[in-house]
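Based on the provided sequences and hints, a complete structural model is requested.
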Amino acid sequence: MAALPAMRPLGCLRSLVRASEPIQPFVNRRFISTAYSKRPERVPLPPNMPEQFLSQIPLRFRPDPDREPLKIYPAPPSARKACKDPVGAVTESQLAVLDPTGERKAMFDYRRNPRSVKTGDIVRVTFKNGDPFNGIVMSIKLRGIETSFLMRNELTRVAVEMSVKVFSPNVNSVEIVQRSEKKRRRARLYFLRDKKHDRRSVENIVASYVRQKKAFLGGGNRRR
Amino acid sequence: MSPRLGGLLQLSPVWGAPLITPRIPVRSFGIRSLNPPKPSRFNIGPGLPVLESTSTAALRRKANSLPLRTGAIGIKKGMTAIYDPESGKRIPCTVLQLDRVEVISHKTRERHGYYAVQVGAGWKHPSNVTKSMLGHFSVNGISPKRHIFEFRVKDEAGLIPVGQSIEAGWFQEGQFVDARSNTKGKGFAGVMKRHGFGGQDRSHGVSLTHRSMGSSGPGQGGGSRVYPGKKMAGNMGNTQNTVQNLKILKVDSENGIVVVSGAVSGPKGCVVRIQDAIKKPWPEVPQAEATEPATA
Chain A
1 MAALPAMRPL GCLRSLVRAS EPIQPFVNRR FISTAYSKRP ERVPLPPNMP EQFLSQIPLR
61 FRPDPDREPL KIYPAPPSAR KACKDPVGAV TESQLAVLDP TGERKAMFDY RRNPRSVKTG
121 DIVRVTFKNG DPFNGIVMSI KLRGIETSFL MRNELTRVAV EMSVKVFSPN VNSVEIVQRS
181 EKKRRRARLY FLRDKKHDRR SVENIVASYV RQKKAFLGGG NRRR
Chain B
1 MSPRLGGLLQ LSPVWGAPLI TPRIPVRSFG IRSLNPPKPS RFNIGPGLPV LESTSTAALR
61 RKANSLPLRT GAIGIKKGMT AIYDPESGKR IPCTVLQLDR VEVISHKTRE RHGYYAVQVG
121 AGWKHPSNVT KSMLGHFSVN GISPKRHIFE FRVKDEAGLI PVGQSIEAGW FQEGQFVDAR
181 SNTKGKGFAG VMKRHGFGGQ DRSHGVSLTH RSMGSSGPGQ GGGSRVYPGK KMAGNMGNTQ
241 NTVQNLKILK VDSENGIVVV SGAVSGPKGC VVRIQDAIKK PWPEVPQAEA TEPATA
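Protein chains in written order, with UniProt numbering: chain A, 1 to 224; chain B, 1 to 296.
Just so you know, these hints were derived from the structure itself, not from any lab. As the structure is a prediction and not an experimental result, all values here were calculated from the model. Please note that a few of the clues may not be correct.
Across the chosen pairs, the derived CB separations fall in these ranges [unchecked claim]:
1) Asp64(A) to Pro267(B): 44 to 50 Å
2) Gly169(B) to Lys128(A): 56 to 62 Å
3) Glu51(A) to Thr239(B): 31 to 37 Å
Derived lysine-lysine pairs resembling DSS-like cross-links, with alpha carbons at most 30 Å apart [claimed, not checked]:
4) Lys247(B) to Lys81(A)
5) Lys131(B) to Lys38(A)
6) Lys84(A) to Lys184(B)
7) Lys186(B) to Lys84(A)
8) Lys250(B) to Lys128(A)
9) Lys124(B) to Lys38(A)
10) Lys165(A) to Lys89(B)
11) Lys184(B) to Lys81(A)
12) Lys71(A) to Lys131(B)
13) Lys124(B) to Lys71(A)
14) Lys250(B) to Lys165(A)
15) Lys81(A) to Lys131(B)
16) Lys247(B) to Lys165(A)
17) Lys84(A) to Lys250(B)
18) Lys141(A) to Lys124(B)
19) Lys268(B) to Lys165(A)
20) Lys231(B) to Lys250(B)
21) Lys128(A) to Lys141(A)
22) Lys141(A) to Lys165(A)
23) Lys186(B) to Lys213(A)
24) Lys38(B) to Lys71(A)
25) Lys107(B) to Lys84(A)
26) Lys107(B) to Lys141(A)
27) Lys141(A) to Lys131(B)
28) Lys81(A) to Lys250(B)
29) Lys165(A) to Lys184(B)
30) Lys105(A) to Lys247(B)
31) Lys247(B) to Lys128(A)
All C-beta atoms in this analysis are idealised placements derived from N, C-alpha and C, irrespective of residue type, glycine included.
Spelled out as structure tokens, the structure:
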């Protein structure tokens, strides 16, 4: 017991001994399961195998001189690659017929065209069958060929809403009668249905617009 | 142990057989139908044809409802609308795309018992195809296909040559087709959603069973069992559905686009099989088109 404390100062030598030992690097050590090993090449069967040995080999490994490897034929050109967006292609071909100048598309493309119809505007739509519809635009749905807008008005004191497909051949024209007074902060003005915000009839505004237009255009027509 | 027989039957057959056979109680085991099928009183008469049970007779019966020519495999790409320029009518439509649709092989009366055209569409990497299917494609000289279906045809005139590709132009604008596809899967659905049951009351003492089905059948009087086919909760959707008589509105062979009127079952990207409608007159195919691929 008495010798131990005397030996203690020598304990520091132990670290020197340890340092001289080779240190196993832990960082790059691999386990046998993760080590990459090349796929073993198939060992060819020895030639001139006796018949009784062949029958013990599984059928798929038996040599078969007649068997040819499966021929894999290349795929023909793909329609899927040629046209990645068929719905878009159909829409484009429709728009080329219904809206060749792109005028109507621009008229309602409120995201890109600052001069387009916007929600809150009062518009007048004329149809092929003759009766127009006026109203304040509540919403514009941009859906390609299905683009539509919703108008609200009051006829004979009954509130009326009408949704119109922009590219429908039945729509003759869309005119902006009056721009909205202030910038709308909402894309859909469904609050116009509330009693507090309802604009009621816009017929008077449209009627005065039609009168002005008639006076303006009528003079022009007479001159012709 | 065999069921115990009645006392009468245990008598010696030599002595009792002729006397007691009419009095043997008829015993039946298992599930019996409560309403055994009765012959329809309208289906009896001197002029009615005799139904035969041969495969030839079955083919003869089907002859009028089997299309003359094969169909095609399309992928549902989505819905849009088409405006008729004259009437201005808006027709909702579904856009299908035919992608590398080719005839893989035939099913014949001699070998398989019926006439059908096996058609494949798309492409699948050969490493993902089983060896047996690879062999099938390889033998017929076709690239591996992702979707494979059969289209039954009436006779061998409808068996177009193996390897012929079926383009969108196979269908004519204005003709009618039947579209067959799997509906959207709804998962495990309750009876109210799956079968339109009424559910149970919100109140009046009902607790915790507002959307469940009521009784699953009668008690003692009805056999004290649940009848086969009882409508219950379960997996809904993802079953095959055929939508008949869809008009072909537009065909674009270049892009493989076929536009059919109306809706087709299933989500976008699902596989749709379209074939000539069986409830409309067969489309008039120009003879040149029918003979040209045979020579090619």
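Here's how the hints hold up against the structure:
Between aspartate 64(A) and proline 267(B) the beta carbon distance is about 46 Å. The supplied range of 44 to 50 Å therefore holds. Restraint check, glycine 169(B) to lysine 128(A): a C-beta distance of roughly 34 Å breaks the suggested window 56 to 62 Å. For the hinted restraint 31 to 37 Å between glutamate 51(A) and threonine 239(B), the CB-CB distance of approximately 54 Å leaves it violated. Restraint check for lysine 247(B) and lysine 81(A): the C-alpha separation of about 26 Å stays at or below 30 Å, so the hint holds.
Of the pairs offered as hints, the one joining lysine 131(B) and lysine 38(A) holds, with about 25 Å between alpha carbons and a cut-off of 30 Å not exceeded. For the hint linking lysine 84(A) to lysine 184(B), the alpha-carbon distance of about 23 Å falls within 30 Å, and the restraint holds. For the proposed pair lysine 186(B) and lysine 84(A), the alpha carbon gap of about 28 Å is at most 30 Å, so the pair holds. Of the pairs offered as hints, the one joining lysine 250(B) and lysine 128(A) holds, with about 25 Å between alpha carbons and a cut-off of 30 Å not exceeded.
The suggested pairing of lysine 124(B) with lysine 38(A) holds, with an alpha-carbon distance near 28 Å, which does not exceed 30 Å. This hinted pair checks out: lysine 165(A) and lysine 89(B) have alpha carbons roughly 11 Å apart, not beyond 30 Å. Pair hint lysine 184(B) plus lysine 81(A) holds up; C-alpha atoms about 26 Å apart against a cutoff of 30 Å. Only pairs whose Cα atoms come within 30 Å are accepted, and lysine 71(A) paired with lysine 131(B) is accepted, the gap being roughly 11 Å.
Restraint check for lysine 124(B) and lysine 71(A): satisfied, since their Cα atoms lie roughly 15 Å apart, inside the 30 Å limit. The hinted pair formed by lysine 250(B) and lysine 165(A) meets the criterion: a straight-line CA distance of about 21 Å does not exceed 30 Å. Using a Cα cut-off of 30 Å, the hinted pair lysine 81(A) and lysine 131(B) holds, with the two alpha carbons roughly 27 Å apart. Taken as a hint, the lysine 247(B) and lysine 165(A) pair is honoured in the structure, with Cα atoms around 23 Å apart against an allowance of 30 Å.
For the given pair, lysine 84(A) sits about 18 Å from lysine 250(B) by alpha-carbon distance, which is consistent with the 30 Å threshold. Pair hint lysine 141(A) plus lysine 124(B) does not hold up; C-alpha atoms about 39 Å apart against a cutoff of 30 Å. A threshold of 30 Å between alpha carbons decides the hint, and for lysine 268(B) with lysine 165(A) the separation of about 24 Å falls inside it, so the pair holds. Distance restraint check for lysine 231(B) and lysine 250(B): the Cα-Cα separation of roughly 41 Å exceeds the 30 Å cut-off, and the hinted pair is therefore not satisfied.
Simply put, lysine 128(A) and lysine 141(A) have alpha-carbon atoms about 22 Å apart, close enough for the 30 Å limit, and the pair holds. The straight-line distance between the Cα atoms of lysine 141(A) and lysine 165(A) is roughly 9 Å, inside the 30 Å bound, and the hint therefore holds. A distance of roughly 57 Å separates the Cα atoms of lysine 186(B) and lysine 213(A); the hinted pair therefore is violated under the 30 Å criterion. Straight-line distance between C-alpha atoms of lysine 38(B) and lysine 71(A) comes to about 58 Å, which puts the hinted pair past the 30 Å bound.
Under the criterion of a C-alpha separation no larger than 30 Å, the hint pairing lysine 107(B) with lysine 84(A) is inconsistent with the structure, at around 34 Å. With a C-alpha separation of about 50 Å, the suggested pair lysine 107(B) and lysine 141(A) falls outside the 30 Å cut-off, and the hint is violated. The hinted pair formed by lysine 141(A) and lysine 131(B) fails the criterion: a straight-line CA distance of about 51 Å is larger than 30 Å. Restraint check for lysine 81(A) and lysine 250(B): the C-alpha separation of about 20 Å stays at or below 30 Å, so the hint holds.
Distance restraint check for lysine 165(A) and lysine 184(B): the Cα-Cα separation of roughly 29 Å lies within the 30 Å cut-off, and the hinted pair is therefore satisfied. A threshold of 30 Å between alpha carbons decides the hint, and for lysine 105(A) with lysine 247(B) the separation of about 29 Å falls inside it, so the pair holds. Pair hint lysine 247(B) plus lysine 128(A) holds up; C-alpha atoms about 27 Å apart against a cutoff of 30 Å.
Consistency note: the structure conflicts with the earlier hints numbered 2, 3, 18, 20, 23, 24, 25, 26 and 27.
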